[in-house]
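Sequence order for the protein chains is A and B.
Residue 3 is where the first sequence starts when you use our numbering, and the numbers rise one by one after that.
Residue 32 is where the second sequence starts when you use our numbering, and the numbers rise one by one after that.
Hints listed in this document are in silico derivations from the structure and should not be mistaken for laboratory results.
It cannot be assumed that every hint is accurate.
Straight-line Cα separation of at most 35 Å, DSBU-like style, residue types lysine-lysine; simulated pairs [said to hold, decoys possible]:
id: 1; chain 1: A; residue 1: Lys-182; chain 2: A; residue 2: Lys-237
id: 2; chain 1: A; residue 1: Lys-260; chain 2: A; residue 2: Lys-237
id: 3; chain 1: B; residue 1: Lys-127; chain 2: A; residue 2: Lys-237
id: 4; chain 1: B; residue 1: Lys-45; chain 2: A; residue 2: Lys-260
id: 5; chain 1: A; residue 1: Lys-182; chain 2: A; residue 2: Lys-260
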Amino acid sequence: MNPAHLDYDILADLAEGLLEDDRAASVNAHLDTCAECRDRSADLADVSRILAEAPVPSMPAELAERIDTAIAAESLNNATVVSMEQRRGRRHWRILSAAAAAVVVLGGGTVVGKIALDGSDGGDHQSAARSPVQDAEKDRGASAQGAAPPSNRAMSSPSYTVSHSGTDYRAGTLPSQVEKLLGTGTAPRADGIAPDPRLTDCVAGVTHGRTPQLVDQATFEGRQATVIAVRGGPKSWNVWVVGPDCTAQDPHLLTEAKA
Amino acid sequence: MTSLSMRADEVSDKELLARHAQGDPHAFAELVHRHRDRMWAVALRTLGDPEEAADALQDACLSAFRAAGRFRGDAAVTTWLHRIVVNACLDRIRRKSVRPATPMGDDATFDAVAPKMPDPTDAHGVSLDVHTALLQLPFEQRAALVLVDMMGYSVDDAAQVLEVPPGTIKSRCARGRARLAPLLVQHRNRRDPRNVGGVEGGGMPR
């Protein structure tokens with residue numbers, strides 16, 4: 003290469019404004035007369051463009067799930083410690099809700115982030131309309147001072163009804179059975195029975211406050227059970243099968259699946 | 032806080048972090064959920080190897096979880112998160128103290144670094160070349176270019192992430208671009224026909 007030509011390092015420094023003034027002036031003077039060096043200068047600009055245009059990879063689903071699980075496990079420890087030390091008024095609730103989060107994570111890690119927003123902090127459900135962000139702080143104060151213990155997450159009447167589809171769910175076919183009920187768009191709303199308080203509590207605990215697309219009091223492997231499904235994506239559901247004495251505290255989880 | 036009136040995008044990152052620091056067991060997961068693709072991109076691009084990047088990212092998330100109480104509000108949460116990710120990547124590299132680059136070749140790596148897209152401009156091929164070329168750089172240059180050129184950080188923000196002066200970022204970017212230029216030259220859009228095969232145009236390696 004002609005030693006008078008400029009190398010990429012000098013040109014890159016020029017572009018970043020890193021050259022001393024007199025050096026920059028001489029480099030610019032050379033560029034004015036040298037098409038080859040202008041071309042090399044353009045190569046550098048293209049490096050930035052090529053880098054910028056590289057598509058951002060999405061986090062693989064398995065990794066997302068793995069990280070959600072790790073966070074939930076950490077969260078469980080953390081919640082216990084925090085509640086013991088500082089939040090005595092909310093202690094019970096925090097432990098429970100962390101436990102519920104861990105359960106949900108096992109079932110479908112990738113939905114956890116969403117769940118977290120959809121009703122995670124039960125203590126505040128009673129007061130609906132106000133500026134949420136600013137009031138968060140006061141709110142916490144109020145609950146921590148022992149306002150109504152936030153044990154019942156579903157104060158307002160639930161927006162779903164309970165089905166009795168008569169399905170005998172089987173472990174091997176659970177996803178397809180749920181999918182069949184839900185996927186056809188003809189979810190068995192027929193009986194339209196409102197859930198009793200225990201079931202409401204159970205469902206809120208299992209789904210972590212999300213509205214289920216399906217709460218079916220049926221049987222699982224021949225035993226009485228409730229099948230709960232929450233939408234996990236455009237065409238997917240997270241499914242939990244719980245025993246008849248399920249509560250938020252102890253869901254009696256029989257199995258869970260993704261459909 | 033109210034499930035009825037609150038939507039995801041109404042809660043700021045800082046608010047989520049504050050809630051987490053106060054013991055909300057879900058706030059942190061949401062924060063990660065929100066930024067995970069970009070965090071993943073930073074880890075994958077600075078380390079090059081998907082498995083290493085996955086481990087680094089998990090380390091980073093747990094560090095961030097534990098360190099959240101020490102977050103000072105003077106930086107953006109994403110800056111803070113990315114700093115933790117980059118540091119976790121650097122830890123991985125130091126621990127291995129072998130060369131960071133892993134040989135390319137398995138499908139998992141290809142898919143991770145170069146998502147296949149129905150793209151007539153062959154983004155897949157470009158991504159692979161970008162990935163391979165980046166691995167030729169020292170970690171510091173690579174991290175600077177990942178943040179500034181790939182993730183669109185300003186020099187000042189990248190300086191905050193990497194905790195070095197802005198001038199250092201500029202110089203690392205300049206060094207990195209100078210090294211990448213000959214490696215990526217075949218992907219240039221030489222719009223000016225005068226340049227195509229002009230002078231001694233294709234004289235660069237590859």
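Results of checking the hints against the structure:
no.	hint	result
1	A:Lys-182 to A:Lys-237	12 Å, holds
2	A:Lys-260 to A:Lys-237	11 Å, holds
3	B:Lys-127 to A:Lys-237	42 Å, violated
4	B:Lys-45 to A:Lys-260	33 Å, holds
5	A:Lys-182 to A:Lys-260	13 Å, holds
Against the hints set out earlier in the document, a violation occurs for number 3 only.
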